[in-house]
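Fit chain B to the known structure of chain A by using the hints.
Protein chains in written order, with this note's numbering: chain A, 1 to 307; chain B, 1 to 307.
These are computed hints drawn from the structure, not numbers from a lab. Don't be surprised by glycine CBs; every beta carbon is placed ideally from N, CA and C. A few of these clues could be false.
[As the list claims (entries may be wrong)] In silico SDA-like pairs for lysine to any residue, Cα to Cα no more than 20 Å straight-line: (1) A:Lys181 with B:Asn230; (2) A:Lys181 with B:Phe176; (3) A:Lys121 with B:Asp198; (4) A:Lys181 with B:Ile184; (5) A:Lys288 with A:Ile32; (6) A:Lys181 with A:Ser208; (7) A:Lys121 with B:Asn230; (8) A:Lys5 with A:Val56.
[Claimed, not checked] Sample of chain A residues at the chain B side, in silico, Cβ under 7 Å: (9) Gly40; (10) Thr169; (11) Thr172; (12) Ile189; (13) Arg196; (14) Thr200; (15) Lys211; (16) Thr212; (17) Glu246; (18) Pro252.
There are 2 protein chains.
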Amino acid sequence: MSDKKLFPAWVAIDWGTSNLRFWAMSKQGDVIQQGSVPKGMAGLAPNEFEPTLMSVLEPILHPSNPVHVLCCGMAGSRQGWHEAPYVTTPCPPPDQSIGVDVPTTDPRLHVKILPGIKQLKPADVMRGEETQIAGVLLERPDFDGVICMPGTHTKWVHISAGEIVSFQTFMTGEIFALLSKNSILQHSISNSDWNRADFTCAVNDAVSNPKTIAAQLFSLRAQGLVGQENAPDARSRLSGLLIGLELAGARPYWLGQNVILVGEEGIANAYLDALTDLGAMAEILPSKDITLSGLKFAYQKQKEAAQ
Amino acid sequence: MSDKKLFPAWVAIDWGTSNLRFWAMSKQGDVIQQGSVPKGMAGLAPNEFEPTLMSVLEPILHPSNPVHVLCCGMAGSRQGWHEAPYVTTPCPPPDQSIGVDVPTTDPRLHVKILPGIKQLKPADVMRGEETQIAGVLLERPDFDGVICMPGTHTKWVHISAGEIVSFQTFMTGEIFALLSKNSILQHSISNSDWNRADFTCAVNDAVSNPKTIAAQLFSLRAQGLVGQENAPDARSRLSGLLIGLELAGARPYWLGQNVILVGEEGIANAYLDALTDLGAMAEILPSKDITLSGLKFAYQKQKEAAQ
Numbered sequence: 001m002s003d004k005k006l007f008p009a010w011v012a013i014d015w016g017t018s019n020l021r022f023w024a025m026s027k028q029g030d031v032i033q034q035g036s037v038p039k040g041m042a043g044l045a046p047n048e049f050e051p052t053l054m055s056v057l058e059p060i061l062h063p064s065n066p067v068h069v070l071c072c073g074m075a076g077s078r079q080g081w082h083e084a085p086y087v088t089t090p091c092p093p094p095d096q097s098i099g100v101d102v103p104t105t106d107p108r109l110h111v112k113i114l115p116g117i118k119q120l121k122p123a124d125v126m127r128g129e130e131t132q133i134a135g136v137l138l139e140r141p142d143f144d145g146v147i148c149m150p151g152t153h154t155k156w157v158h159i160s161a162g163e164i165v166s167f168q169t170f171m172t173g174e175i176f177a178l179l180s181k182n183s184i185l186q187h188s189i190s191n192s193d194w195n196r197a198d199f200t201c202a203v204n205d206a207v208s209n210p211k212t213i214a215a216q217l218f219s220l221r222a223q224g225l226v227g228q229e230n231a232p233d234a235r236s237r238l239s240g241l242l243i244g245l246e247l248a249g250a251r252p253y254w255l256g257q258n259v260i261l262v263g264e265e266g267i268a269n270a271y272l273d274a275l276t277d278l279g280a281m282a283e284i285l286p287s288k289d290i291t292l293s294g295l296k297f298a299y300q301k302q303k304e305a306a307q
Numbered sequence: 001m002s003d004k005k006l007f008p009a010w011v012a013i014d015w016g017t018s019n020l021r022f023w024a025m026s027k028q029g030d031v032i033q034q035g036s037v038p039k040g041m042a043g044l045a046p047n048e049f050e051p052t053l054m055s056v057l058e059p060i061l062h063p064s065n066p067v068h069v070l071c072c073g074m075a076g077s078r079q080g081w082h083e084a085p086y087v088t089t090p091c092p093p094p095d096q097s098i099g100v101d102v103p104t105t106d107p108r109l110h111v112k113i114l115p116g117i118k119q120l121k122p123a124d125v126m127r128g129e130e131t132q133i134a135g136v137l138l139e140r141p142d143f144d145g146v147i148c149m150p151g152t153h154t155k156w157v158h159i160s161a162g163e164i165v166s167f168q169t170f171m172t173g174e175i176f177a178l179l180s181k182n183s184i185l186q187h188s189i190s191n192s193d194w195n196r197a198d199f200t201c202a203v204n205d206a207v208s209n210p211k212t213i214a215a216q217l218f219s220l221r222a223q224g225l226v227g228q229e230n231a232p233d234a235r236s237r238l239s240g241l242l243i244g245l246e247l248a249g250a251r252p253y254w255l256g257q258n259v260i261l262v263g264e265e266g267i268a269n270a271y272l273d274a275l276t277d278l279g280a281m282a283e284i285l286p287s288k289d290i291t292l293s294g295l296k297f298a299y300q301k302q303k304e305a306a307q
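With the rest of the complex left out, here is chain A (with noise of 0.2 Å):
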């Protein structure tokens, strides 16, 4: 057994609105040590996120050699550590050569951060999300169709030769945990089982009459009121009228596409749900770490491009 310490080669970084994570990389990939600190840009003036990243990376770092940290996420935006400035659709996700550098006080730090990308028309934006898909491009290299992610703004985006030709994005988890916790519709939200067949009626009545929608979300608190018999679950309900809602309008993106989706568990399998009772071919990507992937995509790219 050797004490010889193991210093990585470079570290990845995803560093997002609320977290930091990071994970320390040999020279062959492999994961030497991993974290996450809920120090996310939100808390974060500019001149605290070298510190910030020095108490994680100072235990593991070779005492005098310099190491490569290639970030991406929020840390990249205008109130972030540093900006580096959205590139524009149509592009491939951005690897390390179009990072931004990033100066910092410590001569080990050789910080690059990953911009995120604009489309002009219609305006959108992402700053995270094309590092999830760079992720799904390294483990399926030939992928041509839509990549949907699933989340607190949803994101759908066509994919063609590597490149990611156009996006568009939907506030619907925003507006779920606005709905759910925050509005009249509270009371009527137990934490009652899922109930598939409540959550399908709910998508297939957003799909067929989507102008009625904000008459369809009262509904879900008058059911109760004017006691119901067999009410449906106003939960289930709730998810499938948004997520139908959603659906009706990125039908552009999925219809006749091989769709990937990219998300936690729960939230993934309802879109799946949904999407297959609407005919659509759609399939789960596990995307544990998928980030990390990613993160290693880009910097290969940058490595591939040295050689």
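Frame of chain A, contents of chain B only:
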């Protein structure tokens, strides 16, 4: 000048979620005194309603003679003072004859609470608005058409031959408040001047493509981030998107109908603009004290019936 004190013949009460408003009325139907206190249903236990009412009425009541109190609003909900169960559409606006007697400790109080109205299919409810509708009918006894009441939960009400035939509630106002104050869009919303052209454009965008509403909403955020020149005013556009979505869904209510708008000036004007642009026939009924008119209507009906 007489120093004889004038005691009310009856008292009209609008007891909502947040406030208690009262009007002490003479036999001739004039307001002797009026007032409002921030003691709504949301902050009161059932046994606190009578003391709250007496704290405002005690100074103006006759020391021994009883007084009729006619009350509408959330005080009649299950969580209020005393439940006045919903009556079911189709029905005329409730009058005193179907008001629910409330037991009181003070023998001078003869309190009745007016019920709200429910619709079984599609499930819908109102409590308080039925009295505003009665107010419209007091001022326009022969009105046949549609009353639209914009607000937190906008109501569309079909009136025929003095009856409420059907109605539909849209959560538009509550969704506007949540998105403009609690969502990511809050960063894009300024308190700038109202832009009528941006509002109209957004109404049309929502009417022509209601199913992509959740994407059009995110674009409000993105248009600022991509540096779009001449970007529309986000508040005007947010309002236009949500009102346009509602008008698309409420079309069966307003198409080819006489529409009376009842609501606060700013929001009623926005609905009037949007409806006019869509070719509807709408007018605003000034709604100051429309609830008092409705309570007078409900009180008189009973008097007429007794004659």
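Status of the hints after comparison with the structure:
The suggested pairing of Lys181 of chain A with Asn230 of chain B is violated, with an alpha-carbon distance near 35 Å, which exceeds 20 Å. A hinted pair counts as satisfied when its Cα atoms are at most 20 Å apart, and Lys181 of chain A with Phe176 of chain B qualifies at roughly 15 Å. Taking the CA atoms of Lys121 of chain A and Asp198 of chain B, the gap is near 17 Å; set against the 20 Å cutoff, the hint holds. For the given pair, Lys181 of chain A sits about 16 Å from Ile184 of chain B by alpha-carbon distance, which is consistent with the 20 Å threshold.
Restraint check for Lys288 of chain A and Ile32 of chain A: the C-alpha separation of about 17 Å stays at or below 20 Å, so the hint holds. In summary, the hint linking Lys181 of chain A to Ser208 of chain A is not supported, as the alpha carbons are separated by about 26 Å, beyond the 20 Å threshold. Between Lys121 of chain A and Asn230 of chain B, the direct Cα distance comes to roughly 14 Å. Compliance with the 20 Å bound is thereby established for this hinted pair. Restraint check: the Cα-Cα separation between Lys5 of chain A and Val56 of chain A comes to about 17 Å, which is no more than 20 Å; the hinted pair holds.
Taken as an interface hint, Gly40 of chain A does not check out: its beta carbon lies about 15 Å from the nearest beta carbon of chain B, beyond 7 Å. For Thr169 of chain A, the shortest C-beta to C-beta distance to chain B is roughly 4 Å, which falls under 7 Å, so the interface hint holds. Against a cut-off of 7 Å between C-beta atoms, the interface hint on Thr172 of chain A holds, since the closest Cβ of chain B lies about 5 Å away. With a least beta-carbon distance of about 14 Å to chain B, the hint placing Ile189 of chain A at the interface is violated under the 7 Å criterion.
Of the supplied interface hints, the one on Arg196 of chain A is violated, with its beta-carbon coming no nearer than about 22 Å to a beta-carbon of chain B, more than 7 Å. The interface hint given for Thr200 of chain A is violated, since its Cβ lies 18 Å from the closest Cβ of chain B, which is over the 7 Å cut-off. Given the 7 Å rule on beta carbons, the hint for Lys211 of chain A holds: about 4 Å separates it from the nearest Cβ of chain B. With its C-beta approaching chain B no nearer than about 4 Å, Thr212 of chain A sits inside the 7 Å limit, and its interface hint holds.
This hint holds: Glu246 of chain A has a C-beta 6 Å from the nearest C-beta of chain B, less than the 7 Å allowed. Given the 7 Å rule on beta carbons, the hint for Pro252 of chain A is violated: about 10 Å separates it from the nearest Cβ of chain B.
Violated hints for the displayed structure, listed by number in ascending order: 1, 6, 9, 12, 13, 14 and 18.
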